[in-house]
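Undergrad: With chain A fixed as given, assemble chain B with the ligand onto it according to the hints.
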Amino acid sequence: MDEAKRARLGKLRWHCRRALLELDLVFQRFWEGTGDEIDEETEAALARLLEMEDHDLWDLVSGRRDTADPQLNGMVERLRRI
Amino acid sequence: MLNYTVRKFDAVIVGAGGAGLRAAIQLSEAGFKTAVLTKVFPTRSHTVAAQGGVAASLGNSEEDHWHWHMYDTVKGSDWLGDQDAIEFMCRKANECVIELEHYGMPFDRLDNGRIYQRPFGGHMSNFGEKPVRRSCAAADRTGHAMLHAMYQRNVKVNTQFFVEWQALDLVRDADGDVLGVTAMDMETGEIVVFHAKATIFATGGAGRIFYSSTNAFINTGDGLGMAARAGIPLEDMEFWQFHPTGVAGAGVLITEGVRGEGGILRNSAGERFMERYAPNAKDLASRDVVSRAMVTEINEGRGCGPNKDFVLLDITHLDPATILKRLPGIREIGIQFAGVDCIKEPLPVVPTCHYQMGGIPTNYRGEVVVPKDGDPNAVVRGFYAAGECACASVHGANRLGTNSLLDLLVFGKSAGETAVENLKAGNKAHKDLPQESIDRTLARVNRLNTQTGGANVHETRLAMQRTMQAHCGVFRFKDMLEQGVAKILDVQEQVRRTEIKDKSQVFNTARIEALELDNLIEVAVATMVSAEARKESRGAHVRDDAPDTAERPNGRDDQNWLKHTLWYREGNRLDYKPVNLKPMSVETIALKKRAY
Ligand SMILES: Cc1cc2nc3c(=O)[nH]c(=O)nc-3n(C[C@H](O)[C@H](O)[C@H](O)COP(=O)(O)OP(=O)(O)OC[C@H]3O[C@@H](n4cnc5c(N)ncnc54)[C@H](O)[C@@H]3O)c2cc1C
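The listed protein sequences derive, respectively, from chains A and B. Under the working numbering, think of the first position of the first sequence as 1434, with each following residue one higher. Under the working numbering, think of the first position of the second sequence as 669, with each following residue one higher.
Looking at chain A on its own, in the form it has when it is part of the complex (with noise of 0.2 Å):
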């Protein structure tokens, strides 16, 4: 892996500690599976989701809210499944 995306990838799983332990616990699996092996869709997807609230993610992921955002569906989809 290249310099600069270990140091992409590093940024993504930091911002992926939050403030609710649930959503520690869902991107620990989420890591846990895909390891590094993370495509740049799914990089640029990640990413704009971790900018979101805590609650409004959680919200999300859990399943009681949907979005009609077709890059952030996909990944929330995934999240849900882990």
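Because the hints were derived from the structure by calculation, they are not lab data. Careful, some of the hints might be misleading.
Which chain A residues face chain B? A few, computed with CB under 8 Å, are given here [as the list claims (entries may be wrong)]: (1) LYS1438; (2) ARG1446; (3) TRP1447; (4) ARG1450; (5) ARG1451; (6) GLU1455; (7) LEU1458; (8) ASP1487; (9) SER1495; (10) GLY1496; (11) ARG1498; (12) THR1500.
Just so you know, even glycine gets a beta-carbon here, dropped at the ideal spot from N, CA and C.
TA: Relative to chain A, chain B with the ligand alone:
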């Protein structure tokens, strides 16, 4: 050796949760150049998770008084709380909550426009008579709303934020004065000394020392580790509050509201066992009573599942519509983390570590205090602490719900105010930086960067968490504690030689986690050693060999143990100091058996 640069501030605050943000407002408003360091974006601090509310005797729905609140808090603390600090907190509550309202906090309101208040466990009117409405909330996002309001305020008054910076160590000179912190910029790996005249720790709790915890991963007790390494003792670390209902295996909190709506705890035989332990309150008895009953069931072989290591929280008898309406989110938590739909099947739960009552010793002014020359509470110049990392001590041996958010506001503000006072009165110039103190941090980071053939961070952390859970949980046993001390010291040896494979500079999460483990282990050792030594039961510290007798109600031994523990890292040594039973203006709340 590693390189570093120096930056100068009047004040540096480590932590941007409720306590840190509140302290920063005070300093920036007074015009002092203030830096706030935080591992994560401020509004992602763990305070966001708090939903229940913040206590204040506003009396908006019914009569209430700070003196009643004070009584409840002293009683809740099982008389280990310092009564001057408790009076201070309860008297300041209204002012602090109203200030927050002025910062823009969207509290729930009554029709007449005043803040709506709801009842919460342990908060009573008229010195313990009946429950009172004292908790102020903003829907189920109280902590989140609080952080947003205070963050905005800080931006307005020009607080300088250093986001995604990890503070590494205190800088303390030969006189014992604190002169700032060393910290690492996660984005570059660069090390910077933040040279300051006032240093405030607001780093939150360390709930991740236990295997089963309601705390998010961020709660690694960094402030406590840094203080301990700098020779500051940690106070009352044996006292940890366990919440009865964390999802087994995951820790995620299931609110008390579930039992409030009629949820029932059952053992492997399907028995509603709380009827035996608390015939009146049953499943709604106080947190410590329910947690102990659950552990007794498990220990006596009546736990559920293949390993008989949890009990069940049953709401299958409730109308599904009620569950969805009154207990939003619970079903999703069950499905995600237990693979159980609670409408059809009961949820597996265990008592789970929730809140740390002990911490860095402070007085009610937020100044860090240590024993020196016969004074048990001598001020450490330049050093302050507030919030869950600090021990003022208002929670004593057991915290009341909603008193923690209050603690953040009152003592965050108080620490900020005292720092302002001292900055105005003190020297204009910064004291010289002590090279030795900085070198110690550099050596620690260097050791980690160059270690080979060392211990795996993840496995070592797990060993620590399992040791704490098994040997120092809800219910404590003499033999287990003694073995626990030996085991945790073994784990400590492993922590001293952790190894990371990834040596990169930019967002190296492996290194961040290894550095966090350095802090967690200090807290774990402090907890185990302090717990082993305290030969009584009090509040959240319950020992099998200190049972409830007529002479020692609830196993509490005031004659020998009405005192605060102080654990020193050096030599793993314990000391004790008296509890302050003298309030500021009212009479002492006299010792009594704690019963509800
Ligand atoms: C699930 C849950 C629900 C709760 N509900 C309630 C409730 O309803 N009412 C109530 O009163 N209490 C509640 N509590 C307790 C309360 O939320 C916490 O005690 C409180 O929020 C702690 O606030 P704090 O400001 O001390 O720390 P935190 O909010 O945890 O903030 C700590 C800050 O320190 C920073 N930090 C830590 N280490 C470093 C480092 N090395 N370098 C730089 N920055 C660092 C972090 O980035 C963060 O900004 C709850 C707790 C939990 C777990």
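Undergrad: Against this structure, judge whether each hint is valid.
TA: Status of the hints after comparison with the structure:
Checking LYS1438(A) against chain B by beta carbon gives a least distance of about 11 Å; that is not within 8 Å, so the hint is violated. The closest approach between the C-beta of ARG1446(A) and any C-beta of chain B is roughly 5 Å, which is under the 8 Å cut-off, so the hint is satisfied. Among the interface hints, the one on TRP1447(A) holds; its C-beta lies about 5 Å from the nearest C-beta in chain B, closer than the 8 Å criterion. With a least beta-carbon distance of about 6 Å to chain B, the hint placing ARG1450(A) at the interface is held under the 8 Å criterion.
Among the interface hints, the one on ARG1451(A) holds; its C-beta lies about 6 Å from the nearest C-beta in chain B, closer than the 8 Å criterion. Using the Cβ-Cβ criterion of 8 Å, the hint placing GLU1455(A) at the interface with chain B is satisfied: the shortest such distance is roughly 6 Å. At about 6 Å, the closest approach between the beta carbon of LEU1458(A) and any beta carbon in chain B falls short of 8 Å, and the interface hint on this residue holds. About 5 Å separates the beta-carbon of ASP1487(A) from the nearest beta-carbon of chain B, less than 8 Å, and the hint is met.
Interface restraint check: SER1495(A) against chain B, minimum CB-CB distance 4 Å, threshold 8 Å, status holds. Nearest Cβ of chain B to the Cβ of GLY1496(A): about 6 Å, under the 8 Å cut. The hint holds. Below 8 Å, beta-carbon pairs count as interface contacts, and ARG1498(A) has none with chain B, the closest being about 11 Å; its hint is therefore violated. For THR1500(A), the interface hint is violated, since its Cβ never comes within 8 Å of a Cβ in chain B; the closest pair sits about 16 Å apart.
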